[in-house]
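**Student:** So the sequence lines, in the order shown, correspond to chains A and B.
Just so you know, numbering that gives the first Met the number 0 puts 97 at position 98 of the first sequence, and the rest follows in order with no gaps.
Just so you know, numbering that gives the first Met the number 0 puts 183 at position 184 of the second sequence, and the rest follows in order with no gaps.
FYI, nobody ran anything at the bench for these hints, they're computed from the structure.
Some hints could be false.
Stated by the list, open to error - What follows is a list of derived Cβ distance ranges for each label pair: (1) A:Tyr64 x B:Thr99: 54 to 62 Å; (2) B:Pro98 x A:Arg270: 27 to 35 Å; (3) B:Met256 x A:Ile13: 34 to 42 Å; (4) B:Phe253 x A:Gln131: 24 to 32 Å; (5) B:Ile74 x A:Gln49: 47 to 55 Å; (6) B:Leu54 x A:Met223: 45 to 53 Å; (7) A:Asp318 x B:Asn36: 42 to 50 Å.
To be verified - To spell it out: a stretch of chain B is covered by chain A in this simulated footprint if at least three of its residues, at any positions, have a beta carbon under 8 Å from a beta carbon of chain A; those stretches are: (8) 43-56; (9) 151-158.
Unchecked claim - Okay, the calculated bits of chain A under chain B, using three or more residues with CB under 8 Å as the criterion: (10) 3-14; (11) 38-45; (12) 78-90; (13) 119-132; (14) 194-208; (15) 215-222.
Even for Gly, the Cβ is constructed at its ideal location relative to N, Cα and C.
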Amino acid sequence: MKRFGIFAVIIVLISVFLGLGIKSLNQASGQGNADKTLTIFNWGDYIDPQLITKFEHETGYQVKYETFDSNEAMFTKIQQGGTAYDIAIPSDYMIEKMRKAHLLVPLSKQKIVGLSNIEPEFLDQSFDQHNQYSVPYFWGTLGIIYNDRYVKASEMQHWRDLWQPKWRNSIMLVDSARDIMGLALVKDGASMNSTNQVQLQKAATDLDQLAPNVKAVVADEIKMYMSDNEAPLAVTWSGEAAEMLANNSHLHYVVPSEGSNLWFDNIVIPRTVKHKKAAYAFINFMLQPKNAAQNAEYIGYATPNRLAKRLLPKAIREDKQFYPDQQTVRNLQVYQDLGPTWVQRYNDLFLEFKMHK
Amino acid sequence: MTRTSRLSYFSLYLLWILFFVITPVALIVYQSFFNLNHQFTLQNYRDYLSSSVYLRMTLNSFIFAFLITLLTLLISYPAAYYLTRLKHRQLWILLIILPTWINLLLKAYAFIGIFSQAGSVNHFLTFIGIGPQQILFTNMSFVLVAAYIQIPFMILPIYNSLVDIDPAIINASHDLGANNVQTLWRVIIPMSANGVRSGVQSVFIPSLSLFMITRLIGGNRVITLGTAIEEHFLTTMNWGMGSTIGVVLIIIMFITMMLTASRRKGGVKR
Chain A
0 MKRFGIFAVI IVLISVFLGL GIKSLNQASG QGNADKTLTI FNWGDYIDPQ
50 LITKFEHETG YQVKYETFDS NEAMFTKIQQ GGTAYDIAIP SDYMIEKMRK
100 AHLLVPLSKQ KIVGLSNIEP EFLDQSFDQH NQYSVPYFWG TLGIIYNDRY
150 VKASEMQHWR DLWQPKWRNS IMLVDSARDI MGLALVKDGA SMNSTNQVQL
200 QKAATDLDQL APNVKAVVAD EIKMYMSDNE APLAVTWSGE AAEMLANNSH
250 LHYVVPSEGS NLWFDNIVIP RTVKHKKAAY AFINFMLQPK NAAQNAEYIG
300 YATPNRLAKR LLPKAIREDK QFYPDQQTVR NLQVYQDLGP TWVQRYNDLF
350 LEFKMHK
Chain B
0 MTRTSRLSYF SLYLLWILFF VITPVALIVY QSFFNLNHQF TLQNYRDYLS
50 SSVYLRMTLN SFIFAFLITL LTLLISYPAA YYLTRLKHRQ LWILLIILPT
100 WINLLLKAYA FIGIFSQAGS VNHFLTFIGI GPQQILFTNM SFVLVAAYIQ
150 IPFMILPIYN SLVDIDPAII NASHDLGANN VQTLWRVIIP MSANGVRSGV
200 QSVFIPSLSL FMITRLIGGN RVITLGTAIE EHFLTTMNWG MGSTIGVVLI
250 IIMFITMMLT ASRRKGGVKR
């Protein structure tokens with residue numbers, strides 16, 4: 000009992016010590032001053048930390064950076080409104096959903112400098128017409144990654160190629176209903192936002208036929224597996240692909256020319272905003288070509304900022320894997336928010352596919 | 000201790016149960032009666048019972064939970080039995096508890112490293128001339144990893160019930176002419192049945208709704224009810240259907256508890 004008491008006292012002392020430490024650190028960095036802060040809610044590791052420091056120096060705001068790992072988790076947190084997020088960076092369909100749920104604050108255009116730096120074809124998208132609520136941050140695609148030790152480039156150019164019996168037990172799919180159902184739809188020329196029962200059923204049946212070729216349906220681990228040559232083929236997003244390609248020189252990324260998904264992560268101001276001025280300062284800061292280019296080089300995703308793109312090294316700028324040609328870009332489709340009933344339908348069919356042996 | 004102070008302790012316990020057991024369960028049951036448009040309906044239950052996907056998933060969960068429990072029991076009972084005869088028992092028990100201090104996710108990732116194509120098991124198989132095999136994303140690897148994670152929760156209750164057996168009873172059994180096998184079968188196993196029951200409960204019930212390992216080790220080639228609940232709450236945000244499956248799990252849990260509850264009449268009496 001005595002020893003237990005000593006143990007308890009030590010724990011309490013350590014806690015108090017750490018608490019005081021955090022407090023003094025916060026004061027040193029000025030976080031105690033609530034008026035000059037900016038709270039950013041973003042995906043993990045999705046901004047060059049040096050840019051945050053630069054922003055703080057230039058504007059005098061203190062940045063609080065919080066992260067989420069799925070659009071849905073972010074949605075729930077902003078809906079509950081517990082934390083005063085000033086900036087959030089959701090994906091396309093989620094922006095539409097948040098707008099419908101009245102979770103977004105409309106942007107006043109006269110406060111934004113540099114929206115014209117953005118490539119016009121990435122503005123005015125279906126999920127946010129006239130960019131009333133959002134400013135593009137990064138964009139990307141869905142595609143196939145292959146390992147040139149096992150797969151020849153000519154064998155893997157289209158979604159249909161995944162169905163070849165040769166690839167039995169070889170493919171890793173990303174665990175996302177919209178993307179996998181989407182590729183099954185688009186391979187027959189259907190819309191990736193299809194709400195046509197016949198098309199959806201056909202896509203689901205085709206996916207069931209793909210099942211013997213599927214090795215696993217996983218998430219973030221795809222990066223690790225592909226880098227370690229665990230599987231010759233994978234279907235995932237360009238951003239993930241960039242990271243894998245950096246780790247393993249045998250990997251290549253293809254966006255099938257018949258069509259694929261075009262996704263956006265855009266900056267929005269959520270309803271929970273407390274520091275509007277700081278939020279606009281951040282949007283303008285990220286729109287500056289130099290900063291956008293630095294961020295794109297650090298993250299490895301494609302920047303929608305055409306002036307920033309010019310500042311990137313030639314090897315990145317002309318990489319067809321991540322900046323596909325006009326022809327392919329024209330066939331890319333952006334996901335729309337289909338409403339809960341259809342989202343459920345997509346997920347039910349996908350779940351059925353996952354259970355198919 | 001006075002009566003009032005005992006009452007206040009008891010009310011503290013009651014409050015705990017009320018807020019952290021009864022309220023959440025009530026909320027889940029309540030949620031399960033609402034569809035996507037927040038209308039009161041029985042549709043979720045009708046969907047569940049008429050969907051071959053969900054019924055197959057339930058069956059899958061059952062089979063896997065059963066296999067995991069069986070495997071852990073087969074490993075744990077002899078292990079617990081030998082533990083009781085060892086010299087430095089406390090140390091050995093500590094070594095069995097130790098892995099439970101490590102985060103589940105870390106353990107799963109460690110197994111990915113062991114089972115992958117470039118992992119140590121495949122290195123060994125290549126070395127002895129069998130050649131690399133697909134180990135990850137198979138039913139076998141899923142059951143193995145799940146059993147590994149659950150083993151401490153099976154060993155401890157069995158060990159505790161075995162330690163409680165008075166050695167004099169075993170001596171008496173031998174004196175009365177029973178051989179080792181008979182002693183084990185007629186005396187030791189019946190007297191440790193309570194430990195086995197609580198071990199089975201604490202392994203079988205969580206195994207029904209495992210979800211992280213189904214993806215990391217099973218590569219989503221193993222789908223259990225846990226996967227469906229995760230999807231309904233995190234992806235489709237269909238909390239009603241997610242809660243319905245939750246209610247089904249709670250019901251199964253109660254049935255399991257009832258079936259494995261210790262029977263009072265006859266049998267073991269002390």
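**Student:** Could you run down the list of hints and mark each one as holding or not?
**Tutor:** To see whether the hints hold, each was checked on the structure:
{"no.": "1", "hint": "A:Tyr64 x B:Thr99: 54 to 62 Å", "verdict": "34 Å, violated"}
{"no.": "2", "hint": "B:Pro98 x A:Arg270: 27 to 35 Å", "verdict": "45 Å, violated"}
{"no.": "3", "hint": "B:Met256 x A:Ile13: 34 to 42 Å", "verdict": "40 Å, holds"}
{"no.": "4", "hint": "B:Phe253 x A:Gln131: 24 to 32 Å", "verdict": "52 Å, violated"}
{"no.": "5", "hint": "B:Ile74 x A:Gln49: 47 to 55 Å", "verdict": "52 Å, holds"}
{"no.": "6", "hint": "B:Leu54 x A:Met223: 45 to 53 Å", "verdict": "35 Å, violated"}
{"no.": "7", "hint": "A:Asp318 x B:Asn36: 42 to 50 Å", "verdict": "46 Å, holds"}
{"no.": "8", "hint": "43-56", "verdict": "holds (count 3)"}
{"no.": "9", "hint": "151-158", "verdict": "violated (count 0)"}
{"no.": "10", "hint": "3-14", "verdict": "violated (count 0)"}
{"no.": "11", "hint": "38-45", "verdict": "violated (count 0)"}
{"no.": "12", "hint": "78-90", "verdict": "violated (count 0)"}
{"no.": "13", "hint": "119-132", "verdict": "violated (count 0)"}
{"no.": "14", "hint": "194-208", "verdict": "violated (count 0)"}
{"no.": "15", "hint": "215-222", "verdict": "holds (count 5)"}
In this structure, the earlier hints numbered 1, 2, 4, 6, 9, 10, 11, 12, 13, 14 are contradicted, and the remaining ones agree with it.
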